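> Sequences and hints are given; from them, build the entire structure.
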Amino acid sequence: MLGAPMLEVLALTKRFGGLLAVSGASLTVAQGEIVGLIGPNGAGKTTLFAMISGFVPPDSGTVRFDGEDVTGTPPHEICRRGVARTFQIVQPFGRLSVRDNIAVGAHLRLADRQAALARATEVGTELGMAALLDRPAASLTVAARKRLEIARAVATAPRLLLLDEVMAGLNPTELAEIVPVLRALRDAGVTILLIEHVMQAVVSLTERLYVLNQGSIIAEGPPAKIASMSAVVEAYLGHGAAQRLAGRAVAGAAV
Amino acid sequence: MKSGLLAVGIAMALAVPQVVTSEFWLGVCIAVLLSTLTGAAWNVLGGFGGQFSFGHAAFFGAGAYAAAILEMRFGVNAWLAFAAAGVVGGAVGFGIGYLSFRYGLRGSYFALITLAFAEVLRILANAADFTGGGVGLYLPLQVGVANLQFATKAGYYYLALGLGAGAILVGWMLERSRLGAWLVAIRENEDAARALGVDTFACKLQAIALSGALTGLAGAFYADYYLYIDPGLAFGPGISVEILLAPIIGGIGTVWGPFLGAAALRVAGELARRLMGDAPGLSLIFYGALLVIMVKFLPDGLIGLLDRAVRPRGIHAGGAHA
Amino acid sequence: MLDPIILLPAAINGLTMGAVYALVALGLTLIYGVLHIINFAHGSLLMVGLYGVFFLYRLFGLDPYACMIVLVPACFAIGYALQRSVIGTVSHGRDQNVLLITLGVSIVLENLALYLFSADTKTIETPYALDVVDLGVALVPLPRLIGFVAALALAAILWALIGRTDLGRAIRAVAKEPHGARLVGIDVEHVYAMSFGIGTACLGAAACLLLPMFYVSPHVGNVFVLIAFTIVVLGGMGSFTGALAGGLLIGLTESLGGLMFGESAGQLGIFLIFIAVLLFRPTGLFGSRLS
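Line by line, the protein sequences are chains A, B and C. Take the first sequence: its letter number 156 is residue 692 in our numbering, and every next letter is one higher. Take the second sequence: its letter number 164 is residue 175 in our numbering, and every next letter is one higher. Take the third sequence: its letter number 266 is residue 267 in our numbering, and every next letter is one higher.
If you are wondering where the hints come from, they were derived from the structure by calculation, not from laboratory data. These numbers were taken from a predicted model, which means no experiment stands behind them. Mixed in with the good hints, there may be bad ones.
[Stated by the list, open to error] Restraint ranges, calculated between C-beta atoms of paired labels, are given here: (1) 576/A with 249/B: 50 to 60 Å; (2) 38/B with 90/C: 52 to 62 Å; (3) 9/C with 239/B: 41 to 51 Å.
[As the list claims (entries may be wrong)] Sample of chain B residues at the chain A side, in silico, Cβ under 10 Å: (4) 187; (5) 188; (6) 202; (7) 204; (8) 208.
Built from N, CA and C at the ideal position, the CB exists for glycine as well.
Put into structure tokens, the structure is as follows:
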């Protein structure tokens, strides 16, 4: 539908027993954007992803992709429509080679085995894994496994990519390598919504940020603005932290 | 080089009835081929798909009884009954799979429920009239190709060869198909597969239906070959165990594993019989011990052993052949 | 058919058998609750126990109930050794392997018995086998009554063991969180083996209670293994009260079902219940914690 944002999440709520994991969360992602979702641990970010990608049915609220209601659609169906996700704890197909891993994703659009393997080689190479294609996934380093997660998802030819902490555990060199990869993906036409903790990456990659705390969205805006919002600071550093920091700034100390 | 080897193998296989004159050893070959068929069938669901069934007797017995009853009570032509047995096996597979997968059963729970379904069928076959009850069914001896009863073992051998080869071919095709790739993905990590667009329910259903159909054919062959079936033989846990031994020993999830395993089992079984006599239970003690030893020391089966000898750091068996 | 005179004895029969089923299931529950494995060898281990009682009785004249003194520790040792040296060593990261190896063990045990003792069913005739106790509402064979009481007593002992002792505490810790347990210094492999041993010891006890009112044959394990699974699943994988209640329920169902619909129907009923519970309530009727 023309004009509608690619992804619209409206007031999603999810309770697990007595725990309110996500409460009335809403966000939108327009085509071509790289949007970030940040927040302290346990804020509910992965649960939100799980609801958007169909793994967990929300208790209430709607998810719209390209204007169509996809709330509660099963994960494989959502993937077919063009939304691919990665997992916070990487889930490689351990005993398969890197190429075979990526081929599983490629098979979504390609029925022929050889075509899928060729596409897998292509995607793997685009993402800098050409040297690793024949290695079993279980033998890869953490950074490489994260890259594999992304490659597999990309092979499904998604229009929207949901990345769950793909940069966690990466050292500065690995970080420096992955950021341009993600940018290149966006430039190639893939919209990205990413959960991230690594702030420098978030700031350099994203155009807009949502902040989730204790299940609710507490802020939205460009990274620069978000960083200065007291509510965000308090979410990460605790109640009153913003004031204390502001007080120290006034007293001349560096923030 | 590989296709040369294959051609030689095929030629040898075709020549067996000429070369092997002993009825006994020809019978052993037939048994190996039948085990290859059932083993390859089990492999589709268990090896490729990673869903271990401990109740494949359900499909075997369903095929055996379907063929026998169609032939005996409805006068259906033996070959048609044979084909129907495959359909029945597939249908039973579909039914069991639909229930089990719809309610998300995996791993041990799935193994348990397949065991239960097989037992249910066994009890039903034991109690019902039209299955001959506990007495079983004796198929009438009517030698003739049209009746799927051959005058000599050679005829049975060629049919079994066709079936066994066909089953291996199914595995080979699966390894090179999208369904195969998806099944292997489901086996390795079902949630990740789902996130990549794999309809895991549909794939598993296809696998179990295919597995059931092939096993049903084996049951029909058994009925027309031995001319006697009863609930204990057709639906019993003994069959379920025998079926899964071959692919596990040969190498789960590989194309030739079921054949290697079937051959190894038979050869070893015959050896044991020579050495220790023909007492009841002896061969199964041996098979059970073999299973324990294989799982403990060679979980990738004989093919895994060969793989490691040839390619020390190679990709593990199980769908990784590109 | 529904005359209480017929129903009541059948019900009592069912309950007494159910108590023994419960004891068998308790062992399986412990093993599942702690090791999280489905022990396919459980039935054949019971068979081993039964043959143990049989030969102790035949060769040494030991009363089956007295056999417990010998058999329970022996079964414990067998179970401990089995878990420590065979079952516990194979997972290689694949859960299926444990399934297969317990299956393999059961095949070996069953056919070893077949080879050594032939397929004949064997029974024992204790002098009090035909004694009957008058409960007022029905007459109950003495062995069954003893079986019932003893099974409940053993269940209580097991409950106390798990709930009140240090070992029990370690077992519960490992059941809940093996990694954490290891971190606080608990020898997890040892606890696993202890649990498997205790589970097998339950089978030894059950065998002593069972033989006077049943029989032994190489395949008797098959009869019990699926019933035991049904009970464990029905009662909630890991719940003791569940296994107990489930055992009694299954015993009742089998007896009354068999009475009303014939023996095969009774067996069929059990399997259908099993399938239904697996499909619709795999956590059983009582939840899924080791409690």
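> Are the hints correct? Go through all of them and say.
Structure-based check of all given hints:
no. : hint                         : in the structure
1   : 576/A with 249/B: 50 to 60 Å : 58 Å, holds
2   : 38/B with 90/C: 52 to 62 Å   : 38 Å, violated
3   : 9/C with 239/B: 41 to 51 Å   : 44 Å, holds
4   : 187                          : 5 Å, holds
5   : 188                          : 6 Å, holds
6   : 202                          : 6 Å, holds
7   : 204                          : 7 Å, holds
8   : 208                          : 4 Å, holds
Checked against the numbered hints listed earlier, the structure breaks hint 2 alone; every other hint is satisfied.
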